[in-house]
Structure formats: C-alpha cells, structure tokens
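Sequence lines, in order, name chains A and B. Quick note on my numbering: the first sequence kicks off at 1054 and runs consecutively. Quick note on my numbering: the second sequence kicks off at 990 and runs consecutively.
Keep in mind that a hint or two might mislead.
Taking beta-carbon pairs under 8 Å as the criterion, some of the chain A residues facing chain B (in silico) [what the hints assert, rightly or not]:
1) P1081
2) Y1086
3) S1110
4) L1192
Hints are computed from structural coordinates only; laboratory data are not their basis. From a predicted model like this one, the values you see are computed outputs, not experimental measurements. Positions of the beta carbon are idealized from the N, C-alpha and C atoms, including for glycine.
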Amino acid sequence: MTLARHHGGGVIVLTFLLALLLTIIPLPEWLRYLRPDWVGLVLIYWCLALPERVGVSTGWLMGLLVDMLTGTLLGQHAMALTIVAFLTLRFHQRIRLFPIWQQALTVLVLLVLHQLLALWVSRFIGRPGPPWYYWAHSLMGMIVWPPVYFALRSLRRGFRVS
Amino acid sequence: MKLIFTQGPSITARLVVFVALSVVLMTMDHRQQHIESLRAGLSVVVYPLQMIVELPGSVYGWFSESLATRRQLQEENASLHTQNLMLKAQTQKLQSLEVENIRLRELLDSSFQVGQKILVAELLSANLDPYQHQIIINKGELDKVYPGQPLLDANGVMGQVVHVGPYTSTALLITDTSHAIPVQINRNGIRTIAIGSGTINRLDLPYISNNADVRPGDLLTTSGLGGKFPPGYPVAIVEAIEHDPGQSFAHVTATPTARLDRSREVLLVWPGETHALKPAAAPAGDASGADAPPVATEKTP
C-alpha cells in the first residue's frame, strides 16, 4: 500500500510471539491473577508506532491465538482485541503525543475495555462473575506499560522497523 | 515516502468484518460443536508455543534426573519396591474379590464390567485462563482420545476431555462451574449430582433432600449413570452439611479426592474396553512426553 518498503517484520512477529509465551508461561498461583495482558500491550504499541502495518486484522489473529492458548471461547479475545486495535488506530496520532504517564492511563482504559468485553462474553454464555481482583490484570498492564513502551521503542529503532 | 492516510476508511469496514466474524465464531463454538476441526487445527498452530513454555521444566527434570546421586536412586528404588509389594498384595486380594463378585453377579443375572483400558498422560505446564478450571494434556487424537472421555488421577476422578487436537487435548475439571458429575454415596448408594463450585477444592451437592442420610466423611463415587464416567471411581468426600428448614434441599459441600491442582500425571480411561494383561512400562519422568510412545497400562481384569 505504501511506497516505502517495510522493514523488520520479523521483529514485530517475534514480539508478538514473546507476548503469547508470556501469556501462558506457568506462574505461581497468586501471580497468575496479576499477569498483565501482554498481547494487548504489544498490540497497542505497534498500533501506535506503525498504524499502517499493524492493525485490526493483526489484533483479531492474535486474539484468536490467545483464545486457543488460554482455552476461552473461540472469538472472545479476538473480538475484544479487534476493538482495542481499532480504537488505538483511531486515536494513535493523539495518544502518541501524550506524556508517558498519560499514555499509561489511556492504555489502562483500553485494557479495561478488553477485559470488559471478554467478561461480557463470558457472562453471556453463563459463566459466573470473576472476583474483584479480576481487574488487577489491567492495573498491572498500566504499571508495566512504560518499560514495555521503552523496550519496544528501542527495539523498533535498533532494528529500524518501519 | 510514507503516506499517512493509507488505511483510510477501510479500518472501520475491517472492524465490522472481524467483529462479525468473531461473533459467528463464538456462536458456533458455544452453540454447536461445528468448529471442532478448526480448534484441532489451531491447537497444532499453538503447540510449538506450549512446547517452548514446557522446555524449562523438562530441562530441569532431565538434569535433576541425570545428576541424581546413586544413593538417592537406591533409596527411591527401595521405597518404590516396598510400595510395589504392598500394592501387589492388595491386588491379590482384589482379584479374588473381583472373581467372587462376578460369580455372585452371574447368579443374580446382572452384568458387570471389569477392567478398562487406561493411558497415562501428562499435564502441560502452560497456564490457561485462571477463571476456568481447565487443563491441557499431552495426548490427543493420535492416541485415540475422544471428547467426553473421563480423566482420573491416582486418587479419584479429575474431569473429562472437552476438546481434542492431534497432539494435545483440553480437559474440564470437575470443579469448573459448567461441570456436573453423577455420583452416589458409597455407604448407602444415594444417587445425586455433584456440581463444580468454581473453587478448586470444593464441589456442591445441591440436590440432596433435607432428610437424606448423609454424613461428613462419606465417600462419593461415580454412579456411572450419565454414561460418561465409569462407575465406582472415588470423586469426593462430603465435608459439610447445612440444613435450612425453609429449603427442601440441604446445602452439602464435598472435597474432591483427586489432587486437581497438583497432579502432573493423569489417567485417561476408555470405559468398556477391556484389554489383556501386558507388562506396563511407565514413562520415567519424561516431561516432554509428546514424542514418547503412548504407554497403554491396564488394570488386571
């Protein structure tokens, strides 16, 4: 679509693979409830950094893999991440200019939306409501956003991903 | 040159398409089992990821096994030897009882199945959604695992297989809120249904009437009535009974006998398939498991 050639697609794929691994890596019981939504974070980053490369379809595909890996209803995370990717793309020019703490707050909103959509689906099919600490995943996501952002940015610059 | 508005209005279109696709997928996955083949295909796609997650554990297991001292091995061998002797002695008694049982049942003209085909499977360490009680095991369609197949551990019933892929399958534990299992009280044969509570160490028995003879410590075994679980396997032990005079049913809770959150090795059972006695070779702590040949162990009939 663009005239410029794309570079470093492998880096994007690798970061997504790493996020998927972190999603299922075995953790002690209490830490499982604090696991941030790694795939969501990486997706938001690439949607902000390279909106012409990573977008709605990537979000859907990654969501489908998350569904498969975590054993949820097929399409549950796919739908949620599609919408998260869409909103990030819609506002990427604004979010990019935010200072990092404000960006983290925006990420919190997006991650909560992801969880809310997933929760809505699971309630819809008759699963019981999760405990209050369900929302800790999103809070952890907000806390780890700055390091994730800087790490992925240096990766992107180091490998000249465009 | 990079264009800013390369995607234009099409992202909205894509959003609509993908959300619609997701909704269709979810409906099909929930309502019917039409997309089991899609699930099986995707399970092959995610299999490498699950294997990578498995790697540190299997490397550690391999190291600790190959670096174990001679003394440790000897001690372990000795204790296993003693255990084996004890189990053998118990089996001897069991065999004579079983034969006697069959004879008595023949007198009564009722059928009784003894011996079932059993396969040892191992849990993959990958974490699933923490709010659902599901596990992944390293046996799949290639080992003739089928949806609905019962899953046991050394102490009792664990759950049943829900999705089967070529190399792996997903199983639902008996404590998941969407799971129910027909049971009976071992002491007096009262039949009821045990429903998952969503807590890993509790089952609910909501259909026991207030005047039923239930005591804490009663063993619940599978009744075999649902047709999915073979009869006679231990499921849970009754923990507490609360009588509410305003309700027609007592509030009974039970603790599963299987170690649902700790077992690494599980047993897959094929009810109704009897197999001749073969020397059993257990996989020796091989955590990778996937390429190990399926080991069919079976109970002596």
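Verification of the hints:
no.	hint	verdict
1	P1081	violated, 10 Å
2	Y1086	holds, 6 Å
3	S1110	holds, 6 Å
4	L1192	violated, 16 Å
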